[in-house]
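Asker: Chain by chain, the residues:
There are 4 protein chains.
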Amino acid sequence: MSLDAMVASILDRIGPEVGQGRVADYIPALARIEPSKVGIAVATLDGNLYTAGDAHEAFSIQSVSKVFTLALALGRAGSDLWQRVGREPSGSAFNSIVQLEREHGIPRNPFINPGAIVVSDILLAGGRPKETIAEILSFLRWLADDDTVAIDAEVAASEAETGYRNVSLANFMKAFGTIDGPVADTLDVYFHQCALSLSCVQLARAGLFLANRGVDPVTGRRVVADYRARRINALMMTCGHYDASGDFAFRVGLPGKSGVGGGILAIAPGRAAVAVWSPGLNDSGNSHAGTIALEELARETGWSVF
Amino acid sequence: MSLDAMVASILDRIGPEVGQGRVADYIPALARIEPSKVGIAVATLDGNLYTAGDAHEAFSIQSVSKVFTLALALGRAGSDLWQRVGREPSGSAFNSIVQLEREHGIPRNPFINPGAIVVSDILLAGGRPKETIAEILSFLRWLADDDTVAIDAEVAASEAETGYRNVSLANFMKAFGTIDGPVADTLDVYFHQCALSLSCVQLARAGLFLANRGVDPVTGRRVVADYRARRINALMMTCGHYDASGDFAFRVGLPGKSGVGGGILAIAPGRAAVAVWSPGLNDSGNSHAGTIALEELARETGWSVF
Amino acid sequence: MSLDAMVASILDRIGPEVGQGRVADYIPALARIEPSKVGIAVATLDGNLYTAGDAHEAFSIQSVSKVFTLALALGRAGSDLWQRVGREPSGSAFNSIVQLEREHGIPRNPFINPGAIVVSDILLAGGRPKETIAEILSFLRWLADDDTVAIDAEVAASEAETGYRNVSLANFMKAFGTIDGPVADTLDVYFHQCALSLSCVQLARAGLFLANRGVDPVTGRRVVADYRARRINALMMTCGHYDASGDFAFRVGLPGKSGVGGGILAIAPGRAAVAVWSPGLNDSGNSHAGTIALEELARETGWSVF
Amino acid sequence: MSLDAMVASILDRIGPEVGQGRVADYIPALARIEPSKVGIAVATLDGNLYTAGDAHEAFSIQSVSKVFTLALALGRAGSDLWQRVGREPSGSAFNSIVQLEREHGIPRNPFINPGAIVVSDILLAGGRPKETIAEILSFLRWLADDDTVAIDAEVAASEAETGYRNVSLANFMKAFGTIDGPVADTLDVYFHQCALSLSCVQLARAGLFLANRGVDPVTGRRVVADYRARRINALMMTCGHYDASGDFAFRVGLPGKSGVGGGILAIAPGRAAVAVWSPGLNDSGNSHAGTIALEELARETGWSVF
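Chains as they are written, first to last, in the working numbering: chain A, 7 to 312; chain B, 7 to 312; chain C, 7 to 312; chain D, 7 to 312.
For reference, chain A alone in the conformation it holds in the complex (with noise of 0.2 Å):
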């Protein structure tokens, strides 16, 4: 079957799931969004794209934000990162706390909210909010390779407004010396990196270097390096779904990283990166029919990597 028919199957496959679950209400612009939405985009190495249902339509893709930052992060902090956040799986929920005392202040790794917060402040560097919030705008255009890419400023007031148990990490981490910035600014920037608003299309397209080890394969730039692009595939493998992690490569079998909007990245590395989006949550916090769809994605074009 030719991918783009395979796409289609696919989401008229996972009709019966869209809806299921349960969408993010923490805040009014995530709560107000269809549950019926559903979105698949298909990048290729060869510059190529399929896509189905709802792949054009904007949506915040939250946590799938992580990714991004921390490539961006690596670039400018090096694996001096790795001072400051770990890379194993947390064996606990996104927003938990009861990690980050045991483990004075150092965040298990940099796809749970404390790590990118951590991330956040790394990138912030001591300057100023504003500014690390239009570079962070910046790459993520330049990757997507489309200026249409925004912050939802809505998204990011409402996160500021609600976002008590962030907060609370981020000068939990203060506490111990993990921010070196004002908390108030480096959480600035961590709510603006939240409320990035990308379509399937979008997301897929600016995943493309993950695929291809650090290279964007249809201009040609080096986003990351080899080995970087690597480590964060396997960050994605054993982290990117907080709790779920573990059933997500076991069920999927790719490096993938969730938002509580509903979207998911997933990378198959030397073929191609798959967007999902669907608002409906798992129980785990992760898109329900977002997860089947790529699940049978991966099945049926054996993309698994193992």
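For the record, the hints were derived by calculation from the structure and aren't laboratory data.
Built from N, CA and C at the ideal position, the CB exists for glycine as well.
There's no promise every hint is true.
A partial selection of chain A residues facing chain B, derived with a Cβ cut-off under 10 Å [stated by the list, open to error]:
1) TYR32
2) GLU94
3) ASN115
4) ALA250
5) GLY252
6) PHE256
7) SER310
Here chain D is said to cover these stretches of chain C; the calculated rule only asks that three of the stretch's residues, wherever they fall, bring their Cβ under 8 Å from a Cβ of chain D [to be verified]:
8) 61 to 74
9) 85 to 96
10) 103 to 116
11) 249 to 261
Let chain A serve as the given structure and place chains B, C and D on it in line with the hints.
Answerer: Chains B, C and D only, in chain A's frame:
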């Protein structure tokens, strides 16, 4: 470079690392192993074998055995197995009991001690330990295509004598109903499985089916279903090195399972199975020099799945 | 009001509470106790006894026995005992193993299960369980001044058969070196001590020395040193009701120790020892009606130490 | 021996202990206190005062203030207060966040930091921090019968500047809905309450109502209801010294509350209130010499409640 030359060169280069770390000393049979031992064996899908160092000397594979008992138990219990053991990284040490209390006696995955004890219990299935132990041994001999594979009776006896923590874990799960059999019988199986003694050559050979979607490429015999082989690999990637699984994925990029005897089995899907052995352990309880050897091998061959 | 009238009046008033809560059912001998049972006995320093209800019927005192084995063990090991068990509230359930892992096998206090198992081990002192059990029984008979005090063999056997969690706790501590004796022997002592069977009258009488700075006021015999009696009371106040100790101190204001059989021993220093019994347990595993009875008694007598 | 002579003798004997331990140094105002300071004041129900050493010198009472704000808040919110804060020992450090996550944002008791922050929030009651702070100060002046009691503005400012962990705790509870007010306002109250500055004489005098069932024995004014005074004492006994509360009860046998400034308030019900001050802290964060002084005093007076 040929694989032969590569393997020899890696052994040469990791020389200074061999003997570093700490040899397991909780039982005499492990404590008296020479820290200077080091071996590598690479078994490729085409049936070739590349070795260096002490690759033909048998050692106690300890927890590496958990991969094989899982494969055997999945054949026996099928997916029902996942009712009694999870498939998520634990975020804690191999023998931690904390997680068990929080999660009502269900171990996080089959590669930490309590999870492997549950797998032993599934294999026991109400029968007699002697028969189950014989069955496990036969399975390993069949996989390794070598009838000299053995269980070290002294090691098994020592494990039983000093294994208070494993006795504790097993009784704890029994209190929750996760263990069916008499605790002593289940542990009898478990302690014998840990005492399996294989050389790097035998171990790589025995693991080859995992690199070939469940079929032994030499004999053509199917060991487990295609999807089961992939899933075992996925579990090795996310959970194979206890609380250093993320780091192993990050550095090596291959599914792997380590044992406290200093052995590691790594799988390069579609290519090869690799066994390394060096008794000195790092702080996470995994072979220090062995991990570095695999890191080098993955880098030079480009076999990382990422 | 006279104490006689007060005790009768309290029994009358708590009538509607008796039978509420949940009777322990993990062993048959406890499960078949009538939920409607209720008894109170107050033994005052002047040798008088005030009783109501089923105060003369023997019941399984279970964890209340931990007070007496501690007194006996302190006489044996002296303050060295505190090298192997702490004296802080645990902040968790009576049989939690989490704290043990964090604190390297040293139980928080002698009134949670692992702590009491250590006390049993100290009493065993490398000897034979039968003799230690006989010694504990003699001690209780001496304290209660009543040779009919007995150990319920059926209860002891049931505890041993179903006590997987206690087996787990004991082996866990053995792994850390907190337990000296063979685990099975130590547990043999522990399971028999839990099976001590006393009536409210016997229990109050046996505890009277704690209300009188270590001296039995009736016989004039010193049981423990003055400061030891105070310290046992202090431990009962801070740790006597598992994770509801703070609430008991808040509501009753007396040192007390509860058992899962529905009994509670409370001490009014300088005045009396009080035993209550009602099998229905509240969510914290302490006698529901018994706690209320003690709350009323403390309020009406003004015996709160605060 | 007269109390006067006893207090002098104790001060003399604990001399070698004074200066041992570690002076709190997280804010400059505490770090610069002379470690050689030591004072004792005993206020008896008959209105007499017995002092020794630096008993008239004001120091930062820090967490000892939590006793007084609890008394004030109970008068305000009544028993509803216990909907938002528990009354069990925590089994962990004063500023641990682990328990809060496990127990859904409800602090274990009002004497650990998060519990005291909730009490501050209850006192704030949606009002303005300045007014609440003024009210707390008035209350302390009234209790101490001394209008020179003050809040140290430098200490309050330092607490606010360095209090990342308390900011974290407050935001964490806000995320669970345990905190009503704006976090910054609630913390403003909290940081000022911690900065209350009293001498041993003032502190003992202020606590005297707790030794007299809620009535100031000198002025005859009722501060709290009889049962409330007893309950505050019960909480001081089980929770007053963080994770060393059991040890304090064991050694001293009196309700007590310590502060990181080196002060301790202890209550001998029906007899006296005692304040000690010595800045050197033991490993649990309580005054080293102060605890020993109270142990001696309790032993010599026989004031232990047990």
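Asker: For each hint, tell me whether it holds in the structure or not.
Answerer: Now the hints, each set against the structure:
The interface hint given for TYR32(A) is broken, as the beta carbon of that residue sits about 24 Å from the closest beta carbon of chain B, more than 10 Å. Here the hint on GLU94(A) is kept, as its CB sits about 4 Å from the closest CB of chain B, short of 10 Å. Contact between ASN115(A) and chain B, as hinted, is supported at the beta carbon level, the nearest pair being about 7 Å apart and thus within 10 Å. Interface hint at ALA250(A): satisfied, since its Cβ lies 7 Å from the closest Cβ of chain B, which is below the 10 Å cut-off.
With its C-beta approaching chain B no nearer than about 4 Å, GLY252(A) sits inside the 10 Å limit, and its interface hint holds. A cut of 10 Å between beta carbons decides the hint on PHE256(A): the least distance to chain B is about 5 Å, and the hint holds. Residue-level restraint check for SER310(A) holds (minimum Cβ-Cβ distance to chain B is 5 Å; threshold 10 Å). A count of 0 residues in the region 61 to 74 of chain C with a Cβ less than 8 Å from any Cβ of chain D is obtained; the coverage claim is therefore unmet, three being the minimum.
Counting residues of the region 85 to 96 of chain C whose CB lies closer than 8 Å to any CB of chain D gives 5, which reaches the minimum of 3, so the coverage claim holds. Against chain D, the region 103 to 116 of chain C contributes 3 residues with a C-beta closer than 8 Å to a partner C-beta. That satisfies the three-residue criterion, and the hint holds. For the region 249 to 261 of chain C, the stated coverage by chain D is satisfied: 9 residues place a CB nearer than 8 Å to a CB of that chain, which reaches the threshold of 3.
Checked against the numbered hints above, the structure violates hints 1, 8; every other hint is satisfied.
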